[in-house]
Amino acid sequence: MKYSTWIVLAAATGLTLAGCQDAGSGARIALIYKATTNPFFQAMEKGAAEKAKALGVRLEAVGIESETDVDRQADLVRTMLSRGTQAIVIAPASSVGIVTPLVRAQEAKVPIVNIDNRISPDEAAKQGLKVATFIGPDNREGARTVGAYACDLIKKKLPEGKKGRVLILRGIDGVENAEARRAGFEAAVAEAGFEVAGSESAHWHTEEAQQVASALLAANPDVHGILCANDKMALGAIAAAKARGRIGEIIIVGYDNIDLAREAMKRGEMHATIEQNPAMMGALGVECALQALKGEPLPETTPVPTQLITPDDVK
Amino acid sequence: MAAARLSWHRVAGGNAVADLRSRITTGRAFVLAAVLVAEIILWTLLSAIDWSTGTVHWPYFLTWDNAIDIGGSCAINLILGVGMTFAIIGGGIDLSVGRLIALTHVLLVVVANATGSFVVGLAACLGCGLAAGLANGAVSVRFRIPSFIVTLGMMMVARGLAMVAAGGKSIGSDFSPPLAVQRFLPIGVSLVVMIVGHVVLTGTVFGRHVFAVGGSAETARLCGIRVGLIRIVTFLISGLAAGLAGLVYWSRNSLGDPLAGDGLELYAIAAVIVGGTSLSGGRGSVIGTFLGALIMGVLQYGLHFMLVPTHWQWVIIGSVVIATVLVDRLKRPQ
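As they're listed, the protein sequences go chains A and B.
Under the working numbering, the letters of the first sequence match residues 63 to 377, in that order.
Under the working numbering, the letters of the second sequence match residues -11 to 322, in that order.
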């Protein structure tokens, strides 16, 4: 990454932090997240907890174990309202399903800060939900960056004039971050003049990704790379590539920069991922919730900068 | 042999109210009610003190809002549990109901969105539950395949079909239930299901036949009971319960989520077992299942309310399931 890019990133970070900063108050804020076993969300929770401590905010963090237990997460929203929480920071399991329970929070005058996965604007408009701000990474840009990096690697290996072919492993269709990453991947592939040989959803899961990638590799033995919408699916793709004896030679990239992906990069099995700064996302969530509680104006969206992680960064 | 017809007539001398009274004052239902009350007292006391500041807040757990939320969060398990009670007493088991929730409520949303009529969507939702129940029962009875296997297959079929119907992603519902419906429909449906289930099981000829078939199919056959027909109807009831649970899922989330209901069949079976219904069939009650589901639901809600980490919640809920059965076993040596 270029030096100037870093300066822009640092400046953007400084501005967003300055935009949300204020002294603490002993306010009660709930962080409701998902996938408690995913290191990404663990880092987010830790970032939020540290910021809450620094601001003197009382943070109550609760989460559902899976990525997809919509009904249980809705229950958590209701439970936290009953506990008398004053503001909600939420990473929704479903960008559509979470709207209904949040409307009740809004009616109780509890401000809502949306982080990570953007609540569906259509559904929110339909039910009259207004969130204080959305704090999230630019998933499309992140996916385009890592996708372009993968295409460059493939180009270097290909003979002149040969068209690269890649597979895409998608997240859960209809969920905004999954759709944005898919669009980013597709844009990068199109920009490189490559072709998408196959594109399937593996619902963010490692095991399912292994099955899906195995089937896609069997059907398309000539592909040069696999673009995965998260690292957990990239791990599944690695297992599938291993089984077919193509590890190292096939370019695999992911998204999230989890520890297992870093280890895979050290072993040369994986080639790049995207760091989304989940800790910063959690911290910003708490700060903005406090601001919303004080009635201060917030921008509609607060972007969190992403960065490309390559094997050079983990050595 | 002249086969007896399926009969929904009241049993001569059978009295649902008297049966309920005797169950509450004696035996298992009494133990279950005591466990439930103990849980509520425990959460009320534990939550009264704010441990981080040392202050007392009252009432904190024992509020109408919490009661309504608990009712809402128990509703799906209650409804599935009542259907499961029929299937298990009749000597079977229904593993498909969890994933059927996904299929039925996705159909509700898809059909209602497409036709612009909620009633048509609801008909599709309940019709799908009944059709799946009929398929489970008919295949298992006609071809003598254990219902465990047939419903396991149906679970996978329902999972796949839910994805197909939803186009592989969550879909928003054009019909959004108003707040009052979101809050009270789950409670209303589960109460009606429980009362109707209890009356049918204890007060009708059909109910008696279910017990007879589950107790000893051979004896029941010799008595002229149409064993296969009774079994099929128990699966129809379980399928209808899955359809109603789908309606409740929609009312709580106004969403068509093809991944919904994962593992809920096991939760329902746990509620049935805690409620004292024998897994080998022929013995059990709807009231027991109702109390069993409430014990699990109040426990879970309280654990969330007290911010107990999710991983520990599983350990505690599992232990309480085993302990409740154990207390009952020790109280009445067999």
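Quick caveat, the hints were computed from the structure, so don't treat them as lab data.
Please note: incorrect hints may appear among the correct ones.
Unchecked claim - Pairs of lysine to any residue, SDA-like flavour, derived with a Cα cap of 20 Å:
| hint | chain 1 | residue 1 | chain 2 | residue 2 |
| --- | --- | --- | --- | --- |
| 1 | A | K192 | B | M144 |
| 2 | A | K192 | B | D162 |
| 3 | B | K157 | B | M144 |
| 4 | A | K171 | A | R120 |
| 5 | A | K192 | A | P365 |
| 6 | A | K225 | A | A249 |
| 7 | B | K157 | A | R134 |
| 8 | A | K192 | B | L167 |
| 9 | A | K224 | A | G260 |
| 10 | A | K328 | A | P365 |
| 11 | A | K218 | A | E238 |
| 12 | A | K188 | B | P297 |
| 13 | A | K171 | B | P166 |
| 14 | A | K115 | B | L295 |
| 15 | B | K157 | A | E262 |
| 16 | A | K171 | A | L355 |
| 17 | A | K188 | B | A168 |
| 18 | A | K188 | B | M144 |
| 19 | A | K219 | A | R166 |
| 20 | A | K115 | B | G42 |
| 21 | A | K188 | A | K224 |
| 22 | A | K171 | A | K356 |
| 23 | A | K108 | B | P297 |
| 24 | A | K192 | B | S164 |
| 25 | A | K377 | A | D321 |
Just so you know, these numbers come straight off a predicted model, no measurement behind them.
| query | Holds or violated: are the alpha carbons of B:K157 and B:M144 at most 20 Å from each other? | reply | Between B:K157 and B:M144 the Cα gap is close to 17 Å, so the pair holds against 20 Å.
| Are B:K157 and A:E262 close enough, with their CA atoms no more than 20 Å apart? | 12 Å, holds
| Is the Cα-Cα distance between A:K171 and A:R120 20 Å or less? | 18 Å, holds
| said: Next pair to validate is A:K171 with B:P166; report whether the Cα-Cα distance is within 20 Å. | reply: With Cα atoms ~18 Å apart, A:K171 and B:P166 stay inside 20 Å; holds.
| query | Has the given pair, A:K192 with B:S164, been kept, meaning a C-alpha gap of at most 20 Å? | reply | 17 Å, holds
| query | Are A:K188 and B:A168 close enough, with their CA atoms no more than 20 Å apart? | reply | 18 Å, holds
| query | Is A:K115 close enough to B:G42, meaning Cα to Cα at most 20 Å? | reply | 19 Å, holds
| said: Run the distance test for A:K188 versus B:M144: straight-line Cα separation, threshold 20 Å. | reply: Answer violated: A:K188 to B:M144 is near 33 Å, above 20 Å.
| query | Taking 20 Å as the top limit, are the C-alpha atoms of A:K224 and A:G260 close enough? | reply | Holds. A:K224 to A:G260 sits at ~18 Å (cutoff 20 Å).
| message | Hinted pair, alpha-carbon criterion (20 Å max): A:K188, B:P297. Please report holds or violated. | response | Violated, because 34 Å separates the two Cα atoms, which is more than 20 Å.
| message | B:K157 and A:R134 were given as a pair; does the straight-line alpha-carbon distance stay at or below 20 Å? | response | 18 Å, holds
| Does the structure keep A:K171 and A:K356 at a Cα separation of 20 Å or less? | Holds, at roughly 12 Å.
Going through the hint list in order, the structure does not satisfy hints 1, 10, 11, 12, 18, 19 and 21.
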